[in-house]
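Trainee: Here is what each chain is made of, one letter per residue.
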Amino acid sequence: MGKTLYDKVIDLHAVEEVSAGRVRLFVGLHLVHEATSAPAFAMLKERGLVPAHPDRTFAVTDHVIPTDGKPWSDPVGQAMEESLRANSLGAGIRYAGPGSEESGVVHVIGPELGLTQPGMTVACGDSHTSTHGAFGAVAFGVGTTQVAEILASQTVVVPRLPVRQVRLEGRLPRGVYAKDVILHVIHEMGAKAGAGWAYEFSGSAVEQMSMEERMTLCNMAVEAGARYGYVNPDKKTIAYIKGRRYAPQNKEWDKAVAFWESIRSDSDAVFGDVVQFNVSNMEPAVTWGILPEHAVPVTGAVPADEGLEEARAYMGFQAGAPVRGTVINTAFIGSCTNGRISDFEEAAKILKGRRVAPGVRTLAVPGSERVLKQIRERGLDKVFADAGFELRKPGCSMCLAMNNDKLTGTETAASSSNRNFKGRQGSPTGRTLLMSPAMVAAAAVAGRVVDVRGYLEGGNNENAE
Amino acid sequence: MKTQNETLVQGTGTALRGDNVDTDRIYPARFMKRLTFEGIEEFAFYDERRAAADRGEKHPMEGAGASVFLFVNRNFGCGSSREHAPQSLYRSGVRVIVGESFADIFKGNAVNAGILCLTADHDSVAACQDAADQGAVFTLDCAGTGLTAPSLAVRVEGDPVLTAKFASGALDPVSEGVAALGLVKRQSERIPYLSW
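Chains C and A supply the protein sequences, listed in that same order. Heads up, the first sequence is in my numbering, so the first residue is 1 and it goes up one at a time. Heads up, the second sequence is in my numbering, so the first residue is 1001 and it goes up one at a time.
Don't read these hints as lab results, they were simulated from the structure. Treat the hints loosely; a few may be bogus.
[What the hints assert, rightly or not] Below, in silico cross-link-like pairs of lysine to aspartate or glutamate (DMTMM-like), each with a Cα-Cα straight-line distance of 20 Å or less:
#1 A:K1033 / C:E82
#2 C:K70 / C:D381
#3 C:K45 / A:E1176
#4 A:K1185 / C:D55
#5 C:K45 / A:D1172
#6 C:K255 / A:E1189
#7 C:K406 / A:D1047
#8 A:K1185 / C:D11
#9 C:K8 / C:D266
Remember, predicted model here, so these are calculated numbers, not experimental data.
Turn these sequences into a full structure, and let the hints guide you.
Mentor: Structure representation (structure tokens):
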């Protein structure tokens, strides 16, 4: 009987079965960031332990980092960065300091540097570690004690899960992106459907997606309840990795490619469940509520269901209100979901020749120093500047507002990030509308939620309202 | 917590009603700006408690310090992997959470933070929530499968291995990992990419 990629990778990395259904897994790549690691390093120090595999570890500061290009004005944030720097250097762990060319949001730099590879187990103290699954890795978020467990032993104990295949078939229409697809999937299946499952995303639509689009998809698997979300590696995966800083080279490159091809799910693999979606008729999506599953097509309306009163009340929506026309005060393009060069390319297409509406605060936060460099090399910085959309330095920024990029009061943000929970973007009463980067750009220009399809080349803005 | 041979945990409970209670509610991100877990109990449900107070209400977790049980509905702990979420609950006194369902990452973190997560059906949870509101004292048996209170007896489910670990207090993933280092070395020799 054939195996799924998940099964093959778990089998390869399982050090021992600690109890029924729970395995101790070797962690091929341990990514570390400052928001969840300080107590973990302290746990090791207390016991006189040192990291077992600094060579399989890479650290970066991303959550608290300022994006305004100014020196630290946040003593605690600064202390967290210094702590991670000292802990990393003391243990021989590679650390990409703020502003260094390898630095950025952890789930953006891992793939950029060629650290993330098919067939690996990847762990990090952050739930969006699922992002790396786009490369055919078994990638998952862990808590601080598990970060300590991994530092001390390069292993972590996790349950072995069944795999649900999520088939995405058809062709993405214009103006509809991976972000819209995953929001639609989460809405259809619900935020807890993936609990107890690993998700394999496959199908013709996934095959047509770029690596960056696949990362957007896998990034939000966790919002569907699935701790793991992956895509089988293919020619695109191999082409993406080739030549990157930490990618294998020469003879080892050929061995690597052979290994990567071997870990794909077998054609006769048996899945615990299979679901299918057709993307051909999907529309741009917008979340209106306080859970990622509260998504509707941009042409849709806030649902009237009982049980959604709290969400409607918090967001200030009447049941049945159209989402189009919702006024926004802030537009944020960035995050580990949509902070890569293709995201800024799509946003730039919408901003070109247009101006941000008066009164809209804008933040375009590249996912890494490398993405920022690419933005400049391609002249996108000029497009953003001409539109009045503020380009900033890399970091997690307003996705979760652990730095100074926050909403105030009931300000409403059009955001390319991954969560719209109450208080997510720094104000306990702030409102988040999740959407694709192109949709954020269009909303910034209009000052309200609009249908981005009316802003694409060949469209006129009137159709968008 | 162990008061008699036949009980695992005994004490009062808090009812936290509603599905999808996410980790940003349980522990807002801005309070992760610290280097240790010391004192973080102060921030559990911080914004929710303040919002309730502003409405002239008392949030269930306000002053719930003495309660060892927490009764929740579906998808509790969805969202982030922040261990601050279960840690702040543990440091607030919570030892057992009985819910309809839990998010995977939260459930894994809770055991490391010293909290046992058990599941029960909707009606059982609702009955426990009502009893908790009345100040009932709950008793969880040694097997971690039977929860009783005056006029109440419900079946709860969990992972027997985790329940046993919780019962013995032997929750030490770091030491267990270090103890496995010999096996780790052997297994790692079979992983192709480690030699590139």
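Trainee: To test your reading of the hints: which numbers does this structure violate?
Mentor: none
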